[in-house]
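Peer 1: What follows is each chain in one-letter form.
There are 2 protein chains.
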Amino acid sequence: MKRILVDMDGVLADVYARFFELYKEGTGLTKTTNEIMGLKEAEAFPEAIRWVETTGFFRSLPVIPDSQRVLKLLNESYEIIVISMATEYPASLTDKQLWLNDHFPFINWKQIVFCGNKSLIPADLMIDDHFKNLDNFDGETIMFIQPHNINAVDHHHRRVSSWAEIEKILL
Amino acid sequence: MKRILVDMDGVLADVYARFFELYKEGTGLTKTTNEIMGLKEAEAFPEAIRWVETTGFFRSLPVIPDSQRVLKLLNESYEIIVISMATEYPASLTDKQLWLNDHFPFINWKQIVFCGNKSLIPADLMIDDHFKNLDNFDGETIMFIQPHNINAVDHHHRRVSSWAEIEKILL
Numbered sequence: 002m003k004r005i006l007v008d009m010d011g012v013l014a015d016v017y018a019r020f021f022e023l024y025k026e027g028t029g030l031t032k033t034t035n036e037i038m039g040l041k042e043a044e045a046f047p048e049a050i051r052w053v054e055t056t057g058f059f060r061s062l063p064v065i066p067d068s069q070r071v072l073k074l075l076n077e078s079y080e081i082i083v084i085s086m087a088t089e090y091p092a093s094l095t096d097k098q099l100w101l102n103d104h105f106p107f108i109n110w111k112q113i114v115f116c117g118n119k120s121l122i123p124a125d126l127m128i129d130d131h132f133k134n135l136d137n138f139d140g141e142t143i144m145f146i147q148p149h150n151i152n153a154v155d156h157h158h159r160r161v162s163s164w165a166e167i168e169k170i171l172l
Numbered sequence: 002m003k004r005i006l007v008d009m010d011g012v013l014a015d016v017y018a019r020f021f022e023l024y025k026e027g028t029g030l031t032k033t034t035n036e037i038m039g040l041k042e043a044e045a046f047p048e049a050i051r052w053v054e055t056t057g058f059f060r061s062l063p064v065i066p067d068s069q070r071v072l073k074l075l076n077e078s079y080e081i082i083v084i085s086m087a088t089e090y091p092a093s094l095t096d097k098q099l100w101l102n103d104h105f106p107f108i109n110w111k112q113i114v115f116c117g118n119k120s121l122i123p124a125d126l127m128i129d130d131h132f133k134n135l136d137n138f139d140g141e142t143i144m145f146i147q148p149h150n151i152n153a154v155d156h157h158h159r160r161v162s163s164w165a166e167i168e169k170i171l172l
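Chains as they are written, first to last, in our numbering: chain H, 2 to 172; chain W, 2 to 172.
Quick caveat, the hints were computed from the structure, so don't treat them as lab data.
C-beta: ideal position from N, C-alpha, C; glycine also.
Misleading hints may appear alongside valid ones.
As the list claims (entries may be wrong) - List of simulated lysine to any residue pairs, SDA-like, C-alpha gap at most 20 Å:
{"id": "1", "chain 1": "W", "residue 1": "K111", "chain 2": "H", "residue 2": "E89"}
{"id": "2", "chain 1": "W", "residue 1": "K111", "chain 2": "H", "residue 2": "I122"}
{"id": "3", "chain 1": "H", "residue 1": "K111", "chain 2": "W", "residue 2": "K32"}
{"id": "4", "chain 1": "W", "residue 1": "K73", "chain 2": "W", "residue 2": "W110"}
{"id": "5", "chain 1": "W", "residue 1": "K3", "chain 2": "W", "residue 2": "N76"}
{"id": "6", "chain 1": "H", "residue 1": "K133", "chain 2": "W", "residue 2": "N118"}
{"id": "7", "chain 1": "W", "residue 1": "K32", "chain 2": "W", "residue 2": "A43"}
{"id": "8", "chain 1": "W", "residue 1": "K111", "chain 2": "H", "residue 2": "K169"}
{"id": "9", "chain 1": "H", "residue 1": "K111", "chain 2": "W", "residue 2": "N118"}
{"id": "10", "chain 1": "W", "residue 1": "K111", "chain 2": "H", "residue 2": "I50"}
{"id": "11", "chain 1": "H", "residue 1": "K169", "chain 2": "H", "residue 2": "L75"}
Claimed, not checked - What follows is a list of derived Cβ distance ranges for each label pair:
{"id": "12", "chain 1": "H", "residue 1": "T56", "chain 2": "W", "residue 2": "G117", "range": "33 to 39 Å"}
{"id": "13", "chain 1": "H", "residue 1": "M38", "chain 2": "W", "residue 2": "A153", "range": "31 to 37 Å"}
{"id": "14", "chain 1": "W", "residue 1": "I151", "chain 2": "H", "residue 2": "E22", "range": "50 to 56 Å"}
{"id": "15", "chain 1": "H", "residue 1": "A18", "chain 2": "W", "residue 2": "A153", "range": "48 to 54 Å"}
{"id": "16", "chain 1": "H", "residue 1": "D136", "chain 2": "W", "residue 2": "E22", "range": "45 to 51 Å"}
{"id": "17", "chain 1": "W", "residue 1": "F107", "chain 2": "H", "residue 2": "F132", "range": "37 to 43 Å"}
{"id": "18", "chain 1": "H", "residue 1": "I151", "chain 2": "W", "residue 2": "D125", "range": "39 to 45 Å"}
{"id": "19", "chain 1": "W", "residue 1": "K111", "chain 2": "H", "residue 2": "L99", "range": "21 to 27 Å"}
{"id": "20", "chain 1": "W", "residue 1": "P106", "chain 2": "H", "residue 2": "E54", "range": "37 to 43 Å"}
{"id": "21", "chain 1": "H", "residue 1": "A43", "chain 2": "W", "residue 2": "L172", "range": "28 to 34 Å"}
{"id": "22", "chain 1": "W", "residue 1": "K41", "chain 2": "H", "residue 2": "R160", "range": "46 to 52 Å"}
{"id": "23", "chain 1": "H", "residue 1": "D136", "chain 2": "W", "residue 2": "G117", "range": "24 to 30 Å"}
{"id": "24", "chain 1": "H", "residue 1": "T56", "chain 2": "W", "residue 2": "N109", "range": "18 to 24 Å"}
Let the hints inform the model, and build the full structure from the sequences given.
Peer 2: Structure follows, in structure tokens:
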């Protein structure tokens, strides 16, 4: 059975949707996706470093459309490992696990990895939104398009912008 | 550089020391190591399942003697990965990371893995106190002796009862 590493933030969890909300709450202003296209997260939202270190942030994230339905299907045909670079932010760890339990109850605790280096885990396919993870990966790669990676030149990774596309490729 | 997987509970963190304290706080009675030799954790302390699910438990554990000094030395000659089966207990995750930051500040967040299946990560050597982890591991193994594993028949794993012994073997 092929093993797939599935990232959380920007792939299952809609981090930007929450960033837009918090920006509006903090400033009263509205920022749009168009304004942040091509910017790194810290350029688009300098406040983000403080937000992600706050207990409750990762528990509050909306789910990326179709990810629950498609991941549940994938979980029947592949060995799914949900993996998140989380050890940089201790407060995020418990929140992330509870969020997964809430929204992806079919993912068993044995299928979850919180770490600081994804290259520790060999697999056949990685779905991620960051070059730093995909570029160091030996297997097949799928880049999930997000504002921070949309303009990056890339000839190596297959690019998708929805879970419906992942469904077509893998199922 | 050889990679070593180092377990937390029962190898770096003295879980039993805290169990004895909590037992005394709860009952007023003293339980000794001799009384629990050869018993599984849940047999020795039926209350343990509740204790380990309580926020703060893993943050409060004493450090196993010599583990800080020896692991710091090992960290200069080996690729050390501290790895804990933690995703079964969401409340433990943040506590465990903060405990590591407190007591093992030389372990970088990139060297930490919280998961539910240690066999996902290939390595040369595993130091652990549970057969379920050591028996499924492909590399060299060192079993850290604890009350729950002391009587188990075992012909495969090298057994140690202190970090001073690990120091002699590996340095």
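Peer 1: Cβ-Cβ distance between M38 (chain H) and A153 (chain W): within 31 to 37 Å?
Peer 2: Given about 59 Å between the Cβ atoms, the range is violated.
Peer 1: Check the hint pairing K169 (chain H) with L75 (chain H) against an upper bound of 20 Å on the C-alpha distance.
Peer 2: holds, 11 Å
Peer 1: That 46 to 52 Å hint for K41 (chain W) and R160 (chain H) (C-beta), does it hold up?
Peer 2: holds, 50 Å
Peer 1: Holds or violated: are the alpha carbons of K111 (chain H) and N118 (chain W) at most 20 Å from each other?
Peer 2: holds, 5 Å
Peer 1: For the pair supplied as a hint, K32 (chain W) and A43 (chain W), is the alpha-carbon distance within the 20 Å limit?
Peer 2: holds, 14 Å
Peer 1: Does the beta carbon distance between D136 (chain H) and E22 (chain W) stay inside 45 to 51 Å, or does it fall outside?
Peer 2: 48 Å Cβ-Cβ, so the 45 to 51 Å window holds.
Peer 1: Within 39 to 45 Å: is that where the Cβ-Cβ distance between I151 (chain H) and D125 (chain W) falls?
Peer 2: Holds: the Cβ-Cβ distance is about 40 Å, inside 39 to 45 Å.
Peer 1: Could you say whether the range 37 to 43 Å given as a hint is met by the Cβ separation of F107 (chain W) and F132 (chain H)?
Peer 2: violated, 29 Å
Peer 1: Hint check: K111 (chain H) vs K32 (chain W), CA-CA at most 20 Å. Holds or violated?
Peer 2: Not satisfied, since the Cα-Cα distance of roughly 33 Å exceeds 20 Å.
Peer 1: Given the hint of 28 to 34 Å, check if A43 (chain H) and L172 (chain W) actually sit that far apart at their C-beta atoms.
Peer 2: Given range 28 to 34 Å: violated, Cβ gap about 41 Å.
Peer 1: How does the Cβ-Cβ distance of A18 (chain H) and A153 (chain W) compare with 48 to 54 Å: does it lie in that range?
Peer 2: holds, 50 Å
Peer 1: Given the hint that K73 (chain W) pairs with W110 (chain W), does the C-alpha gap stay at or below 20 Å?
Peer 2: holds, 15 Å
Hints 3, 6, 8, 12, 13, 17, 20 and 21 from the list above are not met by this structure, while the remaining hints are.
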